[in-house]
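> Using the sequences and the accompanying hints, generate a full structural model.
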Amino acid sequence: MNSIYQGLLTSKIMGLIFSLSLIFFDIGDSYSTIIFVLIMVTIGIPHGSVDHIIAFLNPESRRFSSKFSFFFIYISLIILNIIIWIFSPFLGLFTFLIVSCYHFGEAQVLGYNSTKNRLLNFVIGANILLSLFLNNIFELQEILIEFTFFSSFDLSKYDKIFFLLISVSILMISVVHFDIKRKIKLYAELSILYLIFYHTDILTSFSIFFGFSHSLPMLLMEYKEMKEKNFFRFYLKTLPFTFLAILFGFILYNFNNSLLTSDNLILFIFIIISSLTLPHVFIMKDFIKDK
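Counting in the working numbering, the sequence shown runs from -8 upward without gaps.
Hints listed in this document are in silico derivations from the structure and should not be mistaken for laboratory results. Among the clues, some could well be false.
As the list claims (entries may be wrong) - Within a straight-line C-alpha distance of at most 30 Å, the following computed DSS-like cross-link-like pairs (lysine-lysine) qualify:
1) K218 / K172
2) K107 / K176
3) K172 / K58
4) K215 / K228
5) K228 / K280
6) K58 / K228
7) K276 / K215
8) K107 / K172
9) K218 / K3
10) K276 / K107
11) K220 / K148
12) K276 / K172
13) K215 / K280
14) K174 / K3
15) K58 / K218
16) K215 / K174
17) K215 / K58
18) K3 / K228
19) K172 / K215
20) K172 / K280
21) K107 / K174
22) K176 / K58
23) K176 / K151
24) K58 / K220
25) K280 / K107
26) K218 / K280
27) K276 / K58
28) K276 / K3
29) K215 / K107
30) K276 / K151
31) K172 / K3
32) K215 / K3
33) K148 / K3
34) K280 / K174
35) K3 / K176
36) K151 / K174
37) K228 / K276
38) K3 / K107
39) K220 / K280
Given the structure is predicted, the values throughout are model-derived calculations rather than measurements.
Laid out in structure tokens, this is it:
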């Protein structure tokens, strides 16, 4: 646990330094798309680009009998998720939120507690996403303009600090009864993360969390598990499927569907992320078991 915690801590300190630089120089909002693309291409997508290797490392948690069955199920889940988004954006959004709550929470708990408590994993992930949305709720209403039941709410009378306080309060209340080994440190990290969400726009907020609190720690754990001679050789193995994931995004963007080709770039990005996340969750669940 201690060696894992040290690696996680290094990743998150890097993210904190990066975040403070953006906030101090006030450049996050102006370059949010560039920041997002850079983090996704260099850290975000690569951390899931070795799933085909990770899935076969531990014989005790192996779900697949062959590489063919792995790719068939993996690609089928991606296609299924896209179909759900096309025919029912509400169901697509709901599926993404449920899956992401568990996946992000499970990874976030690493270093602070065992991941065996599935309810804790889900609650932590739900808190993170709730804070991300609450601290950028006005921007979120613009993104989810097609979801009129949400975008039509008049929240203009509330100050942004109000939503920050709500998100921190919900965190304290929802986690207080769980038995967490490093509860104070977990509280501290999430509170800092919430402050970053408060000071940055939604795309930059998600980029920082997804890149430095989630993807980079997982990437370093994968490197250690695969026992490569150096990080460069390991990183080269992520490139083929990173390029395929980017190509998948371009193809999907040119698909003849009003939802996928809308001018709402951020919504489209989250559809791509949700499609890649769905099969990835099952691989990571086995990978970080008992860590």
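> Each hint should be assessed against the structure and marked as holding or not.
So, going through the hints one by one against the coordinates:
For the suggested pair K218 and K172, the alpha carbons sit about 29 Å apart, so the restraint of at most 30 Å is met. For the proposed pair K107 and K176, the alpha carbon gap of about 19 Å is at most 30 Å, so the pair holds. The straight-line distance between the Cα atoms of K172 and K58 is roughly 38 Å, outside the 30 Å bound, and the hint therefore fails. This hinted pair checks out: K215 and K228 have alpha carbons roughly 14 Å apart, not beyond 30 Å.
Of the pairs offered as hints, the one joining K228 and K280 holds, with about 23 Å between alpha carbons and a cut-off of 30 Å not exceeded. Annotation: proposed proximity of K58 to K228 holds, straight-line Cα distance about 16 Å (limit 30 Å). Under the criterion of a C-alpha separation no larger than 30 Å, the hint pairing K276 with K215 is consistent with the structure, at around 17 Å. Our distance criterion of 30 Å between C-alpha atoms is met by K107 and K172, whose separation comes to about 13 Å.
Our distance criterion of 30 Å between C-alpha atoms is met by K218 and K3, whose separation comes to about 23 Å. For the given pair, K276 sits about 10 Å from K107 by alpha-carbon distance, which is consistent with the 30 Å threshold. Under the criterion of a C-alpha separation no larger than 30 Å, the hint pairing K220 with K148 is inconsistent with the structure, at around 57 Å. The hinted pair formed by K276 and K172 meets the criterion: a straight-line CA distance of about 20 Å does not exceed 30 Å.
Distance hint between K215 and K280 is fulfilled; the C-alpha atoms sit about 15 Å from each other, no more than 30 Å. Our distance criterion of 30 Å between C-alpha atoms is met by K174 and K3, whose separation comes to about 17 Å. Under the criterion of a C-alpha separation no larger than 30 Å, the hint pairing K58 with K218 is consistent with the structure, at around 21 Å. Pair hint K215 plus K174 holds up; C-alpha atoms about 26 Å apart against a cutoff of 30 Å.
Distance restraint check for K215 and K58: the Cα-Cα separation of roughly 22 Å lies within the 30 Å cut-off, and the hinted pair is therefore satisfied. Of the supplied pair hints, the one linking K3 and K228 holds, its CA atoms being roughly 24 Å apart against a limit of 30 Å. Only pairs whose Cα atoms come within 30 Å are accepted, and K172 paired with K215 is accepted, the gap being roughly 24 Å. At roughly 17 Å between alpha-carbon atoms, K172 and K280 fall within 30 Å of each other, so this suggested pair holds.
This hinted pair checks out: K107 and K174 have alpha carbons roughly 16 Å apart, not beyond 30 Å. Distance check on the hinted pair: K176 and K58 sit about 40 Å apart at the alpha-carbon level, beyond 30 Å; violated. A hinted pair counts as satisfied when its Cα atoms are at most 30 Å apart, and K176 with K151 qualifies at roughly 26 Å. The hinted pair formed by K58 and K220 meets the criterion: a straight-line CA distance of about 24 Å does not exceed 30 Å.
About 7 Å separates the Cα atoms of K280 and K107, which keeps this hinted pair within 30 Å; it holds. As the CA atoms of K218 and K280 are separated by approximately 18 Å, the hinted pair is consistent with the 30 Å bound. Straight-line distance between C-alpha atoms of K276 and K58 comes to about 18 Å, which keeps the hinted pair within the 30 Å bound. Of the supplied pair hints, the one linking K276 and K3 holds, its CA atoms being roughly 21 Å apart against a limit of 30 Å.
With a CA separation close to 21 Å, the supplied pair K215 and K107 stays within the 30 Å bound. Annotation: proposed proximity of K276 to K151 is violated, straight-line Cα distance about 35 Å (limit 30 Å). Distance restraint check for K172 and K3: the Cα-Cα separation of roughly 19 Å lies within the 30 Å cut-off, and the hinted pair is therefore satisfied. Among the hinted pairs, K215 with K3 is consistent with the structure: their alpha-carbon atoms are about 17 Å apart, no more than 30 Å.
A distance of roughly 35 Å separates the Cα atoms of K148 and K3; the hinted pair therefore is violated under the 30 Å criterion. Using a Cα cut-off of 30 Å, the hinted pair K280 and K174 holds, with the two alpha carbons roughly 20 Å apart. Straight-line distance between C-alpha atoms of K3 and K176 comes to about 13 Å, which keeps the hinted pair within the 30 Å bound. Distance restraint check for K151 and K174: the Cα-Cα separation of roughly 27 Å lies within the 30 Å cut-off, and the hinted pair is therefore satisfied.
In summary, the hint linking K228 to K276 is supported, as the alpha carbons are separated by about 21 Å, within the 30 Å threshold. With a CA separation close to 23 Å, the supplied pair K3 and K107 stays within the 30 Å bound. Between K220 and K280, the direct Cα distance comes to roughly 24 Å. Compliance with the 30 Å bound is thereby established for this hinted pair.
The structure fails to meet hints 3, 11, 22, 30 and 33 from the earlier list, while all remaining hints are met.
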